[in-house]
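Chains as they are written, first to last, in my numbering: chain Y, 1 to 253; chain V, 1 to 253.
Among the hints, erroneous ones may be present.
A pair holds if it fits inside one copy or across any two, identical chains being indistinguishable in the list.
What the hints assert, rightly or not - Cut-off 30 angstroms, straight-line C-alpha distance, at most; resulting in silico cross-link-like pairs (DSSO-like, lysine-lysine): (1) Lys-177 <-> Lys-14; (2) Lys-143 <-> Lys-76; (3) Lys-143 <-> Lys-14; (4) Lys-177 <-> Lys-143; (5) Lys-20 <-> Lys-129.
If you are wondering where the hints come from, they were derived from the structure by calculation, not from laboratory data.
Protein chains: 2
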Amino acid sequence: MPIAKRRKEDVTVKLIAVFKQLIAEGTLEPGGRLPAERELAESFGVSRSSLRQALKVLEIMGVISQRVGDGTYLNKGADAILREPMEFLILLDGISAHELMEARLLVEPELAARAALRASEEDIAEIHKELRAMEAAKDDHAKFVAHDLLFHQAVFHAAGNRVTSLMFSVVHKSLDKLITMTSQVVEPEHTLTLHRRIYQAIRKRDQDESRRRMTEHLVDARDLLSRAAEKQSHFQMAARIQTLKKKEPRPSR
Amino acid sequence: MPIAKRRKEDVTVKLIAVFKQLIAEGTLEPGGRLPAERELAESFGVSRSSLRQALKVLEIMGVISQRVGDGTYLNKGADAILREPMEFLILLDGISAHELMEARLLVEPELAARAALRASEEDIAEIHKELRAMEAAKDDHAKFVAHDLLFHQAVFHAAGNRVTSLMFSVVHKSLDKLITMTSQVVEPEHTLTLHRRIYQAIRKRDQDESRRRMTEHLVDARDLLSRAAEKQSHFQMAARIQTLKKKEPRPSR
DNA sequence: CGGGATTTATTGGTAGTACCATTCCCCTCA
DNA sequence: TGAGGGGAATGGTACTACCAATAAATCCCG
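I would like the entire structure built from these sequences, with the hints used as guidance.
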């Protein structure tokens, strides 16, 4: 009798629960290697097919990494873990870039204030580093935006809370493309000025000003993005994949 | 030749990308029914095994629902979509309850202020409803905590940002058990008083007070939780599952 | 003719097998 | 001592067979 036998849960769901516990209790350690699929399947008393489904879920979520000919490993940190789910969340709930920016606007100012309060010298140096990287990449939009977001990540890190940091790294990634498009019609120096003010405020350990400067920047960015999004909406209609044929509510039979 | 043939991506990964696009372009609509697995596999030119892996990923993430004998359906809203990933995130990065509470403390006060600003009459009624539900459940810890969290969810909803709302619903769920334990050593009336103040402040449309009252409550809760967590740490060593045997860095062969 | 019970086809769930390409380890040989 | 080759192990995919749950179609009886 495999695993347990609660309710009517999938074997897959049970397996995932088992892995969760194994990680929680330390039997599996980040970076560690898991037994081969064939062995695992046998010791769990399930087929390899079922086991693979569970492993695939974990891999897509970024919990583990699988390499042919090598093995399966438990990932260490997992920044990417929320990425896929987040994308679907945005798709399914129809969350717009505007709403994502609103979320940033709600959270990031407070985090900037917190950063001003508890940033270490290294944190501040890191923020400064990203600022200079932005200056150096004025002409490369993609690079410029990448360092823009890293700047914000550095502020998150300085604020010292990984939960918000991880959550909003996903939000940032979701906005990446759109921001890159926007950046092409905005003077880099404009963006830089706003970032410099934030950096200076944090450096001065001025919580109120940090909060205000971050708000100032994000309000500006939000409005720019909204306008860009309007223009882009015309291009929404992409090439279709016709592979999928039916989608009726259950064909008669 | 199945799907496409970029790089060395899994068939599973490709399939997920395809589904993502099908959802994005509207070929698949929330609530709609997907073709049977056998049909889908054929039209995509992949085996059912591979297709099922992709579908399983989507199901666990909460994107779709599968029912034997019935079919596969695309979910509408997806509150639960971040749940599993978030749990692993907490596990892998070793995030503590304290850090989760810190995250709440960073975000929820600002959201309370926003709620005071833009809550509709219905929103305020909903918050009040949860407050009364808490009062009615003074003696049932689990129920009391459930409505406690729903109270906060209602505040989120009133603030009007789904992104933060969805993200923190996961944080709340992660904290649920621990809060329930804590609530057993705290006078319910104490918690109620703090919640009433928040409600009154939002009702008065007083942003500053809403922010302060929410901070007051969460600071209190955080400290209670930290103390409870200390006591609990002794019980961390749970029964182990010995099914998994090996975890060495690649057995010699 | 109507409605409940039954049959039947469909669907997702699981197991198992076979084969492939990749990767790594170890052994051999120069 | 070093380089190369062979073999074993690993994850990836496909295919088959069967099970259990579901819902639609059918039958049967009042």
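The hints, checked one at a time:
Only between protomers do Lys-177 and Lys-14 lie at most 30 angstroms apart by alpha-carbon distance; the minimum there is 20 angstroms, versus 37 angstroms within a single protomer. For the homomeric pair Lys-143 and Lys-76, the shortest alpha-carbon distance inside one copy (27 angstroms) is at most 30 angstroms, but the shortest distance between copies (36 angstroms) is not. In this assembly of identical chains, Lys-143 and Lys-14 lie within 30 angstroms of each other by CA distance solely across copies; the values are 27 angstroms between and 43 angstroms within a copy. Taking identical chains as interchangeable, the C-alpha atoms of Lys-177 and Lys-143 lie at most 30 angstroms apart only when both belong to the same chain, with a minimum of 12 angstroms there against 44 angstroms between chains.
Taking identical chains as interchangeable, the C-alpha atoms of Lys-20 and Lys-129 are never at most 30 angstroms apart, the minima being 38 angstroms within one chain and 36 angstroms between chains.
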